[in-house]
Amino acid sequence: MCHPTSPFPFRLSRSNLTTMTTPDTLTLNSWQVIAATDEIPVGSITRTTLLDTPLALTRDRDGVPVVWRCTDEEPGDEIDPETILDRLPVTTGYGFVWTSLGTPPKELFSITEYAEPDRVNMSCGSIGIHVSAPRAVENFLDMGHFPYVHTDILGAEPHTEVKEYDVEVSEERDEVLATRCRFFQPRAALSATDGMEVEYVYRVPHPYCSVLYKSSPEAPERRDVIAIFLQPVSEDRCRAHLLQSMIDSTSTITELRRFQQTIFGQDKPILENQYPKRLPLDPRSETPIRADKSAIAYRRWLSQKGVTYGVIPAAG
Amino acid sequence: MITLYDFELSGNCYKLRLLMSILRLRYDIIPVDFFPGRQHKSDWFLKLNPFGQLPVLKDDDLVLSDSGAILAYLAKKYDETGQWFPNDPAITAEILRWHAIADDITSTASAARLALGFDYDFDVPKAQAGAHRIFRLMDEHLWFGEREGRDWLCTPPHPTTADIACFPYVMLSEEGGIGRQDYPALRRWSDRVRRIPGFTIMSGIFPAGRALEQA
Ligand SMILES: [Fe+2]
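As given, the protein sequences belong to chains H and S, one line each in that order. Every position in the first sequence, counted from 1, becomes a number in my numbering once 26 is added. Every position in the second sequence, counted from 1, becomes a number in my numbering once 1 is added.
If we strip away everything but chain S, and leave its shape as in the complex, we get:
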């Protein structure tokens, strides 16, 4: 029995909803009022995760936190194809590297979004510049990948949890005032992610092929 402690507008929570939708896993949601209620700093939540961060996932008696760690757990435990988090040591390292970059996207693109939308006291120009630097590198990596016939962030010919981990805060970047018009390969990759069978949306992210995205 899987339970997700979840905030709808959180990209980190959405990473888990997205992978569980792709893997067709059933789970319950316990909504956490991150904003404006700040329940992730409340006593009951700190007992689940002393670091006071969403998401938290419970699988029977096991309590897990950190979106990247939970993505790895769900893939290793429930993905029968073994594709989303392959066992190969070199590929594992490659995926974990992108999970770390996903955290850098959170601390830049997501920080800018929290500052502009949710009144957080972060340095917006610095966060925006940091996100552009990462997007530029991702765009280059993906552009060369396309020329070599690689569609995804990592080497395998299919998506992995690396793609799931990096996707949400790339897609929500405009809410932080970070445009993606200069990153065509990044935009093509995000379209491919949205066409993965079992893909699901979150508030602020529309399905592939909408007018808004083509604009």
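Next comes chain H alone, as it looks inside the complex:
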């Protein structure tokens, strides 16, 4: 059963209500990712949840996604998309469908590399995690965990030091940018044959999305792009939609997906063990480790933007 929102004041217990707040204006009016476009059935219904709101989605005969607020639809039900009049806004980008519960901007943030003709672009799956979207972004930005969590792939002892790097908030693009991030990696990508010092650039162009650029082992002058787009399901649950846009002329999509899923599968239990599940924005609430310059900038940026969904806002 899909739960329509109408009976909710009667149905939800008090403890549920405390975790179900109205999303902030920015979150409501932003594009939010909900599915990999190819995975949405044509002519039948699939469902998902965005910001505690059940949604139904399908694609029409031309493959164009249609999204609306779910009432009593069941997954697998056949549907003629023409009959859906009360639709939510939809855009597609980077192989995924994005919608909004408010009035979204004209365009999604840009990842220009995605359009380069020789890139291998793929979703590596949409995986549910029991943690807030901002916690998942923060983990994505952290290089300090590589040797311990992604042992012998993205890091290895004794190469545990996070070297000095730069972080700024780009006024013009309104995003967090970390550059000159360097780390020794035993197997930086599927195409890597040896350990190498890899240079990373991280962008956070959306409160719940991060894009990572790392030198490509196959073409050192170019960069592989790996992005994580978090769908805020509730304040303490999200779905991670994983994008890879790679320079790799030899691996299959299955192999490239497997590499990324192996990494993400290692992050998952670490993320789900974080407490609290929402990200505290008060600088004094958690003692950030020394490497966490980008995390501090990210938390401050969320505070300044007035994001309250999935976070514990700073007092005062």
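No lab work stands behind these hints: they were computed from the structure. Any given hint could be a false lead.
[To be verified] Below, simulated SDA-like cross-link-like pairs (lysine to any residue); rule was C-alpha separation at most 20 Å, straight line: (1) S/42 x H/64; (2) S/42 x H/65; (3) S/78 x S/66; (4) S/42 x H/68; (5) S/127 x H/154; (6) S/42 x H/278.
[Unchecked claim] Label-pair ranges, simulated between beta-carbon atoms: (7) S/63 x H/220: 47 to 55 Å; (8) S/83 x H/322: 52 to 60 Å; (9) S/93 x H/47: 53 to 61 Å; (10) S/93 x H/223: 49 to 57 Å; (11) H/69 x S/199: 49 to 57 Å; (12) S/39 x H/194: 41 to 49 Å; (13) H/69 x S/39: 12 to 20 Å; (14) S/39 x H/106: 23 to 31 Å.
All C-beta atoms in this analysis are idealised placements derived from N, C-alpha and C, irrespective of residue type, glycine included.
With the hints as your guide, set chain S with the ligand onto chain H.
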């Protein structure tokens, strides 16, 4: 020549990687895109296993499926010590009973994990309750075992394929929202499994002694 048709995040595939690592067997992996690609339902895979389930293992021309059956095959064929799947009729029965319980763990703990993580349409509270019921019984069985000097699921004084079959989806249970804090004997047993010589990890399962597990 052994070939494993494998999905990294599958606990059932990991059972075979784990036993082959312990037995120091060399094998090739053919990755199968179970998620999101659903290749286990594709025509080429259904020719290997019409039931559309991972894992599949090929040993020369022999094609095998079902993780429990393959564990028995690998042990009987390649374990020179004869310990992992002993010939004794009573112990064979004991092991097969735990292989069946391992399948019950798959249909409960793994189902909850698939629903929460991989968008499968399963009844999560029912799957979680089912897993807790099994974990409670395992914990009791292991707790009494420790008092009798038995460290493993079956009677022999060493691990068997029963331990391998039950281990992965116990360890991945938290991804299905099933905590193990109430099952101390089950946690001690899982630490012992992780100390078996030749033990190998999968994504989501860390080596013994990590901070995460002690928390
Ligand atoms: Fe990670």
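The hints, checked one at a time:
The hinted pair formed by residue 42 of chain S and residue 64 of chain H meets the criterion: a straight-line CA distance of about 17 Å does not exceed 20 Å. Taken as a hint, the residue 42 of chain S and residue 65 of chain H pair is honoured in the structure, with Cα atoms around 15 Å apart against an allowance of 20 Å. At roughly 16 Å between alpha-carbon atoms, residue 78 of chain S and residue 66 of chain S fall within 20 Å of each other, so this suggested pair holds. For the given pair, residue 42 of chain S sits about 19 Å from residue 68 of chain H by alpha-carbon distance, which is consistent with the 20 Å threshold.
In summary, the hint linking residue 127 of chain S to residue 154 of chain H is supported, as the alpha carbons are separated by about 19 Å, within the 20 Å threshold. Annotation: proposed proximity of residue 42 of chain S to residue 278 of chain H holds, straight-line Cα distance about 19 Å (limit 20 Å). Separated by about 37 Å at the C-beta atoms, residue 63 of chain S and residue 220 of chain H break the suggested range of 47 to 55 Å. Judged by the Cβ atoms, the range 52 to 60 Å given for residue 83 of chain S and residue 322 of chain H holds: they are separated by roughly 58 Å.
A beta carbon spacing of about 57 Å between residue 93 of chain S and residue 47 of chain H agrees with the range 53 to 61 Å that was offered as a hint. For residue 93 of chain S and residue 223 of chain H, the Cβ-Cβ distance of about 54 Å falls inside the hinted range of 49 to 57 Å, so the restraint holds. At about 50 Å, the beta-carbon gap between residue 69 of chain H and residue 199 of chain S stays in the expected band of 49 to 57 Å. Remark: the range hint 41 to 49 Å for residue 39 of chain S to residue 194 of chain H is upheld by a beta-carbon distance near 42 Å.
Distance hint for residue 69 of chain H and residue 39 of chain S: a CB-CB separation of about 18 Å, consistent with the stated range 12 to 20 Å. Remark: the range hint 23 to 31 Å for residue 39 of chain S to residue 106 of chain H is upheld by a beta-carbon distance near 25 Å.
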